[in-house]
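Asker: Mind docking chain H on chain Z? Use the hints.
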Amino acid sequence: MDYVIKLDNVSVSYLKNRSGVHSVKDFILKASFISPFQKNRVLHNVDLVIQKGDSLGILGPNGSGKSTLLRTIAGIIKPEMGSLEVKVPISPLLTLGAGIELELSGYENMRIALALSGNYHKSTRVEMIEKVTDFAELTKEQLKMPAKMYSTGMLARLAFSSVMTSQPELLMIDEVLAVGDKGFQKKCMNRIHEIIEKGATLLFISHSPNEVKEICKRGICLKDGKKIFDGSSENAANVYNGLF
Amino acid sequence: MRSKRKYIILFLIYKNLQLKYKHSALGFLWSLLHPFLYLLIFLAIFSAAFPSIENYPLYVLSGLVFWIYFAGATTQLSLVFIKNTHLIKALNIPKTIYAITDLGSELVSFLLGLIPFLVIMYFMGLHISFNLLYLIPVIILFSVFIFSVGLILGSLNVFFRDVGILWNTINPALFYLSPIAYSFKIVPEQFKFIVKYNPLFHFLELVRNVLYEGQGLSMHYLGRCLLITSVTAILAILIYRKTRNGFISNL
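As given, the protein sequences belong to chains Z and H, one line each in that order. Residue 6 is where the first sequence starts when you use the numbering used here, and the numbers rise one by one after that. Residue 493 is where the second sequence starts when you use the numbering used here, and the numbers rise one by one after that.
Extracted from the complex, chain Z is given alone in its bound form:
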């Protein structure tokens, strides 16, 4: 089958302030005039081919480069070395708090989220907002309140629902399902299955090997920026559990 994403020997580095230089004062005092920035490699020579319709779980300890990998694929970070090919349109990464403006109401946030994910069209606007409202299970009164009055779980509902009701070709989720309550988690899981069944490709970061086993067929495990395992999600979960 044809691949949709291909990473060939990709390495990613971050530009980091040289240790301890966080203000101009430090900069002058420490007299590090060479360069205030330092490179810090987070991903080392990663090869990865993802086929259309794949569901890939990404496991690994904190700081192992999972989010960086996703952001690289999404084109948010440029690889320092190696080549990256992505053949599908990219929808926004599903992370916590992205695009939620606490001062604005739930409805206003919904409209912005839809616009940012490219799903906002004048003709389908009302229908889309209704769909999102249904999925989020938030009441009209709640949606009229500013988002700063929401609980964390309600924020999560607001944030996911606009993506969850669309049918992206590539769905990228970064450790977010843990926030909602059991019912909402279940609903998201079902919807994710549905999205995959319709032919989407899924990249799923999680700290729960069980979730990965449930949703994904394939799994990889990262450690210190290197890919240490690539295979079935069952085995990836075992490798991950073996790390601790």
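Just so you know, the hints here were simulated from the structure itself, not pulled from any lab data. All of these numbers come straight from a predicted model, not from anything done at the bench. A hint or two may mislead.
What the hints assert, rightly or not - Stretches of chain Z that chain H covers, calculated by requiring three or more beta carbons in the stretch to come under 8 Å of a beta carbon on chain H:
1) 92 to 98
2) 105 to 116
3) 240 to 246
Said to hold, decoys possible - Facing chain H, according to a computed beta carbon distance under 7 Å, are these residues of chain Z, among others:
4) Leu20
5) Lys83
6) Ala120
7) Tyr125
8) Phe249
Glycine included, every Cβ here is placed at the ideal spot set by N, Cα and C.
Answerer: This is chain H only, laid out in the frame that chain Z set:
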């Protein structure tokens, strides 16, 4: 793709404007009250001090309106990447879009505020003629200049948070170094160079060509402003390109 970008830009401008005035009782009126209060202070204090300036109220107001646009927009832009951290980390759109939308919303407030102020200026003796249309290229050029300054501040502010604080400190100083409440002519000869090296001076002169003197643009100042804007813009592009890949890890 293009129309999608357009939507995003329009939405973010709308969002900025909404956020700015959402929880204030007077809302948009603030953008009018702010220069007006300044104007009253200047009239009360300085008009006696500078009797040599003809039609002092018009002189002050014409400079003031543009100064407030500059100060407000650059301050806003210095925070642009820090404010949009979450979006930058989740969305694959050029980061300059956030800066463009910030400038866009400031420009909208500025233009909306300009209308009542032009009316006030008319009563102060502003000569209404087609020469006023020269304001359009001036505003465009000024906006590009503001955008460049803001992009430099915004990019550096990601790495050194004191850039923003520093700018808040420099801003009032810059105000008094610019001939807004006083005239360039009364500056003692040995200090004139300080004002001349202030880029804002040249823009203010250009604005006053139109709003105060009621004439066309002076080629001398237009040339200077074009030069200043080009140099700042090139510098901004260089700094932005150099730093943009480090934004994510430093936000």
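Asker: For every hint, state whether the structure bears it out.
Answerer: Now the hints, each set against the structure:
Figure legend: the segment 92 to 98 of chain Z, annotated as covered by chain H; annotation consistent (3 residues with Cβ-Cβ distances under 8 Å, at least 3 required). Counting residues of the segment 105 to 116 of chain Z whose beta carbon lies closer than 8 Å to any beta carbon of chain H gives 6, which reaches the threshold of three, so the coverage claim holds. Counting residues of the segment 240 to 246 of chain Z whose C-beta sits closer than 8 Å to any C-beta of chain H gives 0, which falls short of three, so the coverage hint is violated. A distance limit of 7 Å between C-beta atoms decides the matter here; for Z:Leu20 the minimum to chain H is near 3 Å, and the interface restraint holds.
At a threshold of 7 Å, the smallest CB-CB gap from Z:Lys83 to chain H is about 6 Å, leaving the interface hint in force. Below 7 Å, beta-carbon pairs count as interface contacts, and Z:Ala120 has one with chain H at about 4 Å; its hint therefore holds. A hinted interface residue such as Z:Tyr125 counts as satisfied when its beta carbon comes closer than 7 Å to some beta carbon of chain H; here the least separation is about 6 Å, so the hint holds. Interface hint status for Z:Phe249: violated, as the beta-carbon distance to the closest one in chain H is roughly 26 Å, over 7 Å.
Hint compliance for this structure: hints 3 and 8 are broken, all remaining hints hold.
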